[in-house]
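S.K.: As they're listed, the protein sequences go chains A and B. The working numbering puts the first residue of the first sequence at 1264, with every later residue one more than the last. The working numbering puts the first residue of the second sequence at 16, with every later residue one more than the last.
Hints may contain errors.
[Unchecked claim] Residues of chain B placed beyond 10 Å of chain A at every Cβ, according to the derived structure:
1) N37
2) E58
3) K60
4) Y85
[Claimed, not checked] Derived DSS-like pairs: lysine-lysine, alpha-carbon spacing no greater than 25 Å straight-line:
5) B/K119 to B/K57
6) B/K94 to A/K1320
7) A/K1274 to B/K57
8) B/K17 to A/K1320
9) B/K119 to A/K1320
10) B/K94 to B/K119
11) B/K94 to B/K17
12) B/K94 to A/K1274
13) A/K1320 to A/K1274
14) B/K17 to B/K60
15) B/K94 to B/K57
16) A/K1333 to B/K111
17) B/K111 to B/K17
18) A/K1320 to A/K1333
19) B/K111 to A/K1316
[Said to hold, decoys possible] Computed from the model, here is a short list of chain B residues facing chain A with C-beta under 7 Å:
20) M63
21) S64
22) S68
23) P107
24) E110
25) V112
26) F114
27) T116
Keep in mind that the hints were calculated from the coordinates and are not lab data. A virtual CB, placed ideally from N, CA and C, is assigned to each residue, including glycine.
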Amino acid sequence: DAGITQSPRHKVTETGTPVTLRCHQTENHRYMYWYRQDPGHGLRLIHYSYGVKDTDKGEVSDGYSVSRSKTEDFLLTLESATSSQTSVYFCAISEWEVADTGELFFGEGSRLTVL
Amino acid sequence: RKEVEQDPGPFNVPEGATVAFNCTYSNSASQSFFWYRQDCRKEPKLLMSVYSSGNEDGRFTAQLNRASQYISLLIRDSKLSDSATYLCVVNPGGEKVTFGTGTKLQVIP
């Protein structure tokens, strides 16, 4: 299995608090992604990165920011959490552009509950 | 219309049965197609790519129908371990891919 670690795996927080999810990889893959998965919506891309300090928005980026200061770490920050951000968050990595190979390796997910 | 649509199921089939899922996509310019498998409360994992000529991997066969804009996944001789949600993934062009909401399969003893 690809070396991807997400932390924390579970978090309960209150509306208005900041939250940071961390994704750490040991594969030295160039591309990293943050997705959220909700019933009825499937996996939706929040942000992605194609290199250190190179990031771009996905389809549901409002309310989220990311940073990638090292190849191995990709952080997702909710500046002020809202109940609509209650979800399961998956980090994924790929060596090549996913459109070409379709191959994404996912972390185990981080379950976030915003009360 | 959603970019990628799947019947959510569940498909309940007995062991040994053959089952097929379809996934429709709206963008006729879509470039590439994939099937992922996701076990309950686990991360998705790539099952197979879908080529224009179709492809087979053991009991699994994936096909693409560009004229009707759908891809299919056929599972023969279903096993209990095949129980999972199967996600259709489409590249509509560009750098990203779009996931379907998944079809749940339950194989019954």
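S.K.: The hint names B/P107 as touching chain A; please verify it with the least Cβ-Cβ distance against 7 Å.
M.R.: With Cβ-Cβ at 9 Å, over 7 Å, it is violated.
S.K.: Is the Cβ of B/E58 farther than 10 Å from every Cβ of chain A?
M.R.: 4 Å, violated
S.K.: Are the Cα atoms of B/K17 and A/K1320 separated by 25 Å or less?
M.R.: Holds, at roughly 20 Å.
S.K.: Does the interface hint hold: is B/M63 within less than 7 Å of chain A, judged Cβ to Cβ?
M.R.: Since chain A brings no Cβ nearer than about 9 Å to B/M63, farther than 7 Å, the hint is violated.
S.K.: Confirm or reject the statement that B/Y85 sits farther than 10 Å, beta carbon to beta carbon, from all of chain A.
M.R.: Holds, since 17 Å exceeds 10 Å.
S.K.: Next pair to validate is A/K1320 with A/K1333; report whether the Cα-Cα distance is within 25 Å.
M.R.: 19 Å, holds
S.K.: Just to be careful, I want the Cα atoms of B/K94 and A/K1320 compared with a cutoff of 25 Å; is the pair within it?
M.R.: 40 Å, violated
S.K.: Hinted pair, alpha-carbon criterion (25 Å max): A/K1333, B/K111. Please report holds or violated.
M.R.: The given pair, whose Cα atoms are some 22 Å apart, holds under the 25 Å limit.
S.K.: Would you check the hint for B/K94 and B/K17, treating anything up to 25 Å between C-alpha atoms as holding?
M.R.: Roughly 31 Å between the alpha carbons, so the hint for B/K94 and B/K17 is violated.
S.K.: Take the C-alpha atoms of B/K94 and B/K57, compute the straight-line distance between them, and say whether it is at most 25 Å.
M.R.: Holds - the C-alpha atoms of B/K57 and B/K94 are around 19 Å apart, at most 25 Å.
S.K.: So B/K60 supposedly isn't at the interface. Is its beta-carbon more than 10 Å from every beta-carbon in chain A?
M.R.: 7 Å, violated
S.K.: Are the Cα positions of A/K1320 and A/K1274 separated by 25 Å at most?
M.R.: At roughly 24 Å apart (the allowed maximum being 25 Å), A/K1274 and A/K1320 satisfy the hint.
Against the hints set out earlier in the document, violations occur for numbers 2, 3, 6, 9, 11, 12, 20, 22 and 23.
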